[in-house]
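J.: Let's have the full structure, built from the sequences with the hints guiding it.
2 protein chains.
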Amino acid sequence: MIAEIINIGTELLLGYTIDTNSAYISQRLSSIGIDVFFRTTVGDNKERLLSVLGIAGGRSDIIITNGGLGPTVDDITFKTISEFTHKRLKFYKEVLEDIDTHFKNRAIKMPLCNKRQAYVPEGSLIMKNDAGTAPGIILETNKKLLIALPGPSFEMGPMVDNLVIPYLKKRFALKNIIKSKTIKITGLPESKVNEKIKDLLELKPPVTVGIYAHPQQVDLRITVKARDEKFADREILKIERTIRKRLKGFIFGADSDTLEEVAGNLLIKNRKTISVAESCTGGLLSNRITNIPGSSEYFKMGIVAYSNEAKINRLSVPKALIKRHGAVSKEVAVSMAKNVRAEVNTDIGVGITGIAGPKGATKTKPVGLVYIALSAPDKTIYRKFNFTGDRLTIRQRSANAALDLIRKFLMKL
Amino acid sequence: MIAEIINIGTELLLGYTIDTNSAYISQRLSSIGIDVFFRTTVGDNKERLLSVLGIAGGRSDIIITNGGLGPTVDDITFKTISEFTHKRLKFYKEVLEDIDTHFKNRAIKMPLCNKRQAYVPEGSLIMKNDAGTAPGIILETNKKLLIALPGPSFEMGPMVDNLVIPYLKKRFALKNIIKSKTIKITGLPESKVNEKIKDLLELKPPVTVGIYAHPQQVDLRITVKARDEKFADREILKIERTIRKRLKGFIFGADSDTLEEVAGNLLIKNRKTISVAESCTGGLLSNRITNIPGSSEYFKMGIVAYSNEAKINRLSVPKALIKRHGAVSKEVAVSMAKNVRAEVNTDIGVGITGIAGPKGATKTKPVGLVYIALSAPDKTIYRKFNFTGDRLTIRQRSANAALDLIRKFLMKL
Chain A
65 MIAEIINIGT ELLLGYTIDT NSAYISQRLS SIGIDVFFRT TVGDNKERLL SVLGIAGGRS
125 DIIITNGGLG PTVDDITFKT ISEFTHKRLK FYKEVLEDID THFKNRAIKM PLCNKRQAYV
185 PEGSLIMKND AGTAPGIILE TNKKLLIALP GPSFEMGPMV DNLVIPYLKK RFALKNIIKS
245 KTIKITGLPE SKVNEKIKDL LELKPPVTVG IYAHPQQVDL RITVKARDEK FADREILKIE
305 RTIRKRLKGF IFGADSDTLE EVAGNLLIKN RKTISVAESC TGGLLSNRIT NIPGSSEYFK
365 MGIVAYSNEA KINRLSVPKA LIKRHGAVSK EVAVSMAKNV RAEVNTDIGV GITGIAGPKG
425 ATKTKPVGLV YIALSAPDKT IYRKFNFTGD RLTIRQRSAN AALDLIRKFL MKL
Chain B
65 MIAEIINIGT ELLLGYTIDT NSAYISQRLS SIGIDVFFRT TVGDNKERLL SVLGIAGGRS
125 DIIITNGGLG PTVDDITFKT ISEFTHKRLK FYKEVLEDID THFKNRAIKM PLCNKRQAYV
185 PEGSLIMKND AGTAPGIILE TNKKLLIALP GPSFEMGPMV DNLVIPYLKK RFALKNIIKS
245 KTIKITGLPE SKVNEKIKDL LELKPPVTVG IYAHPQQVDL RITVKARDEK FADREILKIE
305 RTIRKRLKGF IFGADSDTLE EVAGNLLIKN RKTISVAESC TGGLLSNRIT NIPGSSEYFK
365 MGIVAYSNEA KINRLSVPKA LIKRHGAVSK EVAVSMAKNV RAEVNTDIGV GITGIAGPKG
425 ATKTKPVGLV YIALSAPDKT IYRKFNFTGD RLTIRQRSAN AALDLIRKFL MKL
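Chains as they are written, first to last, in the working numbering: chain A, 65 to 477; chain B, 65 to 477.
A hint or two may mislead.
Each pair may be met inside one copy or between any two copies, as identical chains are not told apart.
Claimed, not checked - With a cut-off of at most 27 Å between alpha-carbon atoms, the simulated BS3-like pairs for lysine-lysine come out as follows:
id, residue 1, residue 2
1, K394, K268
2, K443, K312
3, K143, K262
4, K239, K427
5, K208, K110
6, K239, K289
7, K383, K472
8, K448, K208
9, K309, K262
Don't read these hints as lab results, they were simulated from the structure.
This one's a predicted model, so the numbers in the text were calculated from it and none came from an experiment.
T.: Spelled out as structure tokens, the structure:
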């Protein structure tokens, strides 16, 4: 079963909107064993959309359009599908009632133009939009299946999950499932990860492993195509064990885990509180820690001591220490970590000082040099990094390394 | 002149990587008057890429491929272009030398597999890659122009700007230029902006205005298609003046301006220093301010007073004040702003307190309720907001509103 996605929208084509919907749709289809081989983006233009539909019809079994279902004259998807399939647009009273209700719930009078959205290609299965006005449709025609979805992600997402996926599973009696699990690694470059699991990357279906590098982490995705869930789970577990044996402490989580979430859970589990003193990261570490709901349980305070005065006056970093070693030094990082811990009275204190650039480098201290220290009652540790990348990347990498230091400390790695 | 983009990569197709390159390429092409009508994404599969190249060749003048130029067997772009154009792959010594130099500069021995990248379709104009190993190519054939670009954005971007755009301008003697300017608005919802400039949105080419809503801002893009720069500039200025007259204080900048940059420049211009005390934003405001290089000139310190203890002990917010009004109140926001200003000894102090959710709401204080205060020697102001969205959106909207409050204060708006 081959599916194809057609994105409709001039703003997508011109690059003013970044397409994230296709990724979502592709992943959901993949989970039920439907492959997406092509994806086309086309503007709000009837002739060009017609030609794209024609091409898709010639090579795919399922055509999924996304966008162009709004109430304005620019929105041409239903009209074009109607021409493509020779099914006339028909007025559906119940669709108009749904749209009207949507406005009534928000105490707004329905604009006249929204009536347009109630004209739907005849014979369609209409999918109610719980988050907006545009209905979606599923239309069976000429052995091809046409599905039209609204453009906004928060309308498209639930419609795919609640209506499209169940429909496709039933319609094609899909027995094959594709399960995957992503193992997340940080603190080791892609080339090193690659070296350690090279043989796994060469595995062939039904079990495969893919490697995906990001600026701050490397993902290994295990994918299994199977007839039953148990087989898939067993195969995934087998590979996961091998990966965990070879990469041990560098693995911080799986699937949707984030490093801040993992570190936060470890703090809760160990009943530890934390405070941080940041210089070059400028609040990013505090921000990532507090992105997690419930972080107030362990995060007590963050100090962004950007200037030397702030380090001296607010964090009691000795002036002489800065003079002797420089503000970017392991000594200052350690002092920041120790002092923020003592001042805020938490179990753990973290200090970060570094040069995020583009300016600030000296002969001996290049852009990207970052010291991160962690202070606890029984020990203090520090790490030196030479990060590459621009200002924002260096800041992100620094915050990431600090979170990983917290994780490793709490896991006694 | 019609161009078409072909993205090559299974990870793009499956949705593990979000495509941002196409947006970049489309915008750069548009600036020299070349329209992109279609964009196709296809996996690392020779047959399917061949068929997509065939379709593109039938409807577009310029075909731009992106990705699939790496050193592994998965990278099939040159091989497929070679088949498509009947130009054999030829070994280019100078390309191999460039690749070798790339590794030497990083003190790494060139892996053998990279030699593959030096085999290029014969007759190509080779584009040197300053940020990676994969060369790009421009290949003239059958009245079609084929351009192949590497996938990583930091390799693709400079190649487009420095080599592809100049080549296309010269090759097609492009006289028409498209100039655009984006006016950036914050603090006013899309519907209100729409109301105020409705007539401008209906303008027809060569001068058009588009409206683009983001969670924290609304962009108005003025676009002019013209034969000469002067005409375009004059028309843009005319429209810009009208927009500025109607939306005055809500406009914070243009084009690539960010609110943190605008606020930072105002602080420099007015020779003011700033410190911030954050609760619900958890360091995001400090982080956005210090994202700007040179922000150490005005940003002295940030305190993330996440817990009540931190507010009381570190920011001297009176315990009784929190008890009487609650931690999320205008009184506490004002106290945070005043006290951080006094303690750090800056010209301006900012305080933020609110409920980012998902928990923490009470009967009278819903998720999204945020108070932001600004304290200066001669006056203190505060604002109350009821933001919608999830935790991260509320945090972002709060930081944005704080930056806008700083901007408006310094502009005496």
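J.: Hint by hint, note whether the structure agrees.
T.: Hint by hint, here is what the structure shows:
1. K394 x K268: neither (47 Å within a copy, 61 Å between copies)
2. K443 x K312: Within one copy only: 23 Å inside, 57 Å across.
3. K143 x K262: Answer is between: at 25 Å across copies they meet the 27 Å cutoff, but 51 Å inside does not.
4. K239 x K427: Neither way: K239 and K427 sit 63 Å apart in one copy and 48 Å across, limit 27 Å.
5. K208 x K110: both (20 Å within a copy, 25 Å between copies)
6. K239 x K289: Cα proximity of K239 and K289: one copy only (10 Å, versus 54 Å across).
7. K383 x K472: neither (31 Å within a copy, 37 Å between copies)
8. K448 x K208: The answer is neither: 59 Å in one copy and 53 Å across copies each exceed 27 Å.
9. K309 x K262: within (14 Å within a copy, 62 Å between copies)
Figure legend: structure checked against the earlier numbered hints; hints not met, in rising order: 1, 4, 7, 8.
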